[in-house]
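Number of protein chains: 2
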Amino acid sequence: MELLEICKKAKETRQQTAVLSTNQKNEALYAVADRLVRQQDALIAANNTDMENGRKNGMPEGLLDRLKINESRIAQMAEGLRQIAGLEDPIGEVISMKKRPNGLVIGQKRVPLGVIGIIYESRPNVTADAFGLCFKTGNTVILRGGKDAVCSNQAIVEAIRAALKEQKLPEDAISFITDTSRETAREFMHMNEYVDVLIPRGGAGLIHTVVNNATIPVIETGTGNCHIYVDESADFDMALDIIFNAKTQRIGVCNACESLLIHEKIADAFVPLLKKRLSEKSVEIRADEKIIGILGEDEYTVPASEEDWGTEYLDYIVSAKTVASVDEAVSHINRYHTGHSDAIVTKDYASAQKFLNEVDAAAVYVNASTRFTDGFEFGFGAEIGISTQKLHARGPMGLPALTSTKYIIYGNGQIRP
Amino acid sequence: MELLEICKKAKETRQQTAVLSTNQKNEALYAVADRLVRQQDALIAANNTDMENGRKNGMPEGLLDRLKINESRIAQMAEGLRQIAGLEDPIGEVISMKKRPNGLVIGQKRVPLGVIGIIYESRPNVTADAFGLCFKTGNTVILRGGKDAVCSNQAIVEAIRAALKEQKLPEDAISFITDTSRETAREFMHMNEYVDVLIPRGGAGLIHTVVNNATIPVIETGTGNCHIYVDESADFDMALDIIFNAKTQRIGVCNACESLLIHEKIADAFVPLLKKRLSEKSVEIRADEKIIGILGEDEYTVPASEEDWGTEYLDYIVSAKTVASVDEAVSHINRYHTGHSDAIVTKDYASAQKFLNEVDAAAVYVNASTRFTDGFEFGFGAEIGISTQKLHARGPMGLPALTSTKYIIYGNGQIRP
Chain A
20 MELLEICKKA KETRQQTAVL STNQKNEALY AVADRLVRQQ DALIAANNTD
70 MENGRKNGMP EGLLDRLKIN ESRIAQMAEG LRQIAGLEDP IGEVISMKKR
120 PNGLVIGQKR VPLGVIGIIY ESRPNVTADA FGLCFKTGNT VILRGGKDAV
170 CSNQAIVEAI RAALKEQKLP EDAISFITDT SRETAREFMH MNEYVDVLIP
220 RGGAGLIHTV VNNATIPVIE TGTGNCHIYV DESADFDMAL DIIFNAKTQR
270 IGVCNACESL LIHEKIADAF VPLLKKRLSE KSVEIRADEK IIGILGEDEY
320 TVPASEEDWG TEYLDYIVSA KTVASVDEAV SHINRYHTGH SDAIVTKDYA
370 SAQKFLNEVD AAAVYVNAST RFTDGFEFGF GAEIGISTQK LHARGPMGLP
420 ALTSTKYIIY GNGQIRP
Chain B
20 MELLEICKKA KETRQQTAVL STNQKNEALY AVADRLVRQQ DALIAANNTD
70 MENGRKNGMP EGLLDRLKIN ESRIAQMAEG LRQIAGLEDP IGEVISMKKR
120 PNGLVIGQKR VPLGVIGIIY ESRPNVTADA FGLCFKTGNT VILRGGKDAV
170 CSNQAIVEAI RAALKEQKLP EDAISFITDT SRETAREFMH MNEYVDVLIP
220 RGGAGLIHTV VNNATIPVIE TGTGNCHIYV DESADFDMAL DIIFNAKTQR
270 IGVCNACESL LIHEKIADAF VPLLKKRLSE KSVEIRADEK IIGILGEDEY
320 TVPASEEDWG TEYLDYIVSA KTVASVDEAV SHINRYHTGH SDAIVTKDYA
370 SAQKFLNEVD AAAVYVNAST RFTDGFEFGF GAEIGISTQK LHARGPMGLP
420 ALTSTKYIIY GNGQIRP
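Residue numbers (the working numbering), protein chains in the order written: chain A, 20 to 436; chain B, 20 to 436.
Among the hints, a few may not be true.
As the list makes no split between identical chains, a pair holds if one copy fits it or if it spans any two.
Unchecked claim - With a straight-line cut-off of 25 Å between C-alpha atoms, the simulated DSS-like cross-links for lysine-lysine are:
(1) K118 to K184
(2) K294 to K373
(3) K117 to K373
(4) K284 to K294
(5) K117 to K366
(6) K117 to K128
(7) K373 to K118
(8) K75 to K28
(9) K128 to K366
(10) K117 to K87
(11) K27 to K284
(12) K28 to K373
(13) K28 to K309
(14) K27 to K373
(15) K28 to K294
Derived from the structure by calculation, the hints contain no laboratory data.
So that you can see chain A by itself, here it is in the shape it has in the complex (with noise of 0.2 Å):
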């Protein structure tokens, strides 16, 4: 089907997907969950036919693996849907509602976005689970997937589709963009008579030209640079248990800690143990003169450069520094966050609340892990992304990222003296 096409359609159906009533679109739920687990073969043959193409053009490993739809996939697809049909529906909540002195009363009420785009890489699960945080919020999705990944993706909407059909709902609450050439994803991110939001999920890349070339409002998920300040008045214990949590527990990922910086009065006796702490997980500290001359140089301890303090590694390294207060860390970490997680150890009143307010992220913590900012961990029971934006939403974002909301006034008669 052609691009406009498309989008015709799918702003067609936002009205109809908008009024489904919370039952309804459980049900739905269930029976896609259903679906793809009883289409499983035809599934895995479509997604084989991607592996293989996959294999063909010299595609790594860890990508094929990404790729790859097996059977306990598909039921982990199917789980996850089944989750979102769990979770409250948050459309029709009246927000507030008040009376004005002319006896209109006024209420703000939870509607859906409306036509989500979501614009994503190779890992067909998200073709599923995209899906559901939509449908479950009464929004109408339209998905571009990857290249690599067209056969799988094709062969999950067309299950989805047939469940809805089968629930005699309207399939179009799903579409597929199937050409996946640039240009028709770049023409697509300028669909603003029919599309409401873009959502681009992947890496750096995928994110900075949505951003760039989008004229349809997007949010932004980003990368993260998360830090951790050990204040002069740190437990050594925890600040130790809270940076090997944040930097090895998964380092992939991007509330996983990527720089430290130590109050220069502690520097001397924490820094040994730091060493020590980190080096059960053979992890690089790459150093400010001080800490190196407390260290001395080796295999993983090395000097940081200028461009160290902006990286964000996702790898078994972390760069340190030593700062002379809790305002000059603060300063630093305004200069070279992402805004995504940053976290202080310390046991003194002030510095936690001065950090608390003056770090600007979406999540600052006190005395815990940065791993932590996650829709999960937050309570969500879902998650959309994190956003490091501003607009909108920002921090891990549950199903009410994906909802507007709309004034609701109930009058006799008002007319505007």
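Assemble the complex: chain A is given as a structure, and chain B must be docked to it using the hints.
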């Protein structure tokens, strides 16, 4: 000053403005108000230069009037700033705070957006107003006004900066781009590293340009093709009063009514009364066949073309169409409106609920004039504009629309298992 320099300074300064106390901000707003009045001779002199240039360039009277600054307009600007000082400060409010099973206490706190860019047209009062709203919400603001008002705007900005300096507050809380070239404007729209959000204030052309060129997130304030649907069960007097008010009380505004839909079963009885009422203000009716059949054609009653259904006249003109049901009214509205404000006049419960649920607009009314869509009428005490986009803010925007949130997390050593 160079654009890049301005943007860098604004970003540095946002950390200072973000942590000002409400008292500091209010005292500064009063000081700025006083200074504008004290310096009125200088402001009027600067404005005279703009006015002379305008006359030389053949600026029409209407625009010259919008450009003009005099004593009373300066008094209004000052009064506007004092009113903003009187409003509640949204910054620092903790919207929710909950304890997780692992003991983490997670709160969501209202914080400034950061650096706000405002691109606007000729009215110099926007300069003081935009500063007041942004400053009260702890943001720094970069203004890019129109070429026609450059001397006036610069004089106002200088006065504001001088007042801030006198208060020992950072002058760079407000800055002004003196270079009014298009190239600089476009460059400004790509300063994602320094500017958190752009708000265009002006006509459809300006907004369109910003939406299509900016890579910075934009809060879009749109046009209003507002509809009123007169249901079969409507009280005729109420319908006539509401339509007369919404169409004629002020014609040049985005919440004025531009299109009428009338249930076909009441058309014969209602349409002649409508014609009579609208003729009091010589309103031209562009009508469908059925209405022309009832009224006949005359100077003020002419057949509508397809284009009329989508037109915002901002004039003594209204389009009018009969419909067979509330469903048809809702579909027509969702197809042709701009998503601003739409109203139903009805006595029927089901029609009222259907209209409220299914019309996809920022403000949906039962039995009231669309003219109430306004920050002051909604009780916000201020208005940044009326958003017709669905992201971040929708409908009239008060001070909270200029804020973001951040998660603050209190731990006692939690690490992720």
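Tell me the hint numbers this structure goes against, listed in increasing order. As far as the earlier hints go, 1, 2, 8, 10, 11, 13, 15 are violated by this structure, in ascending order.
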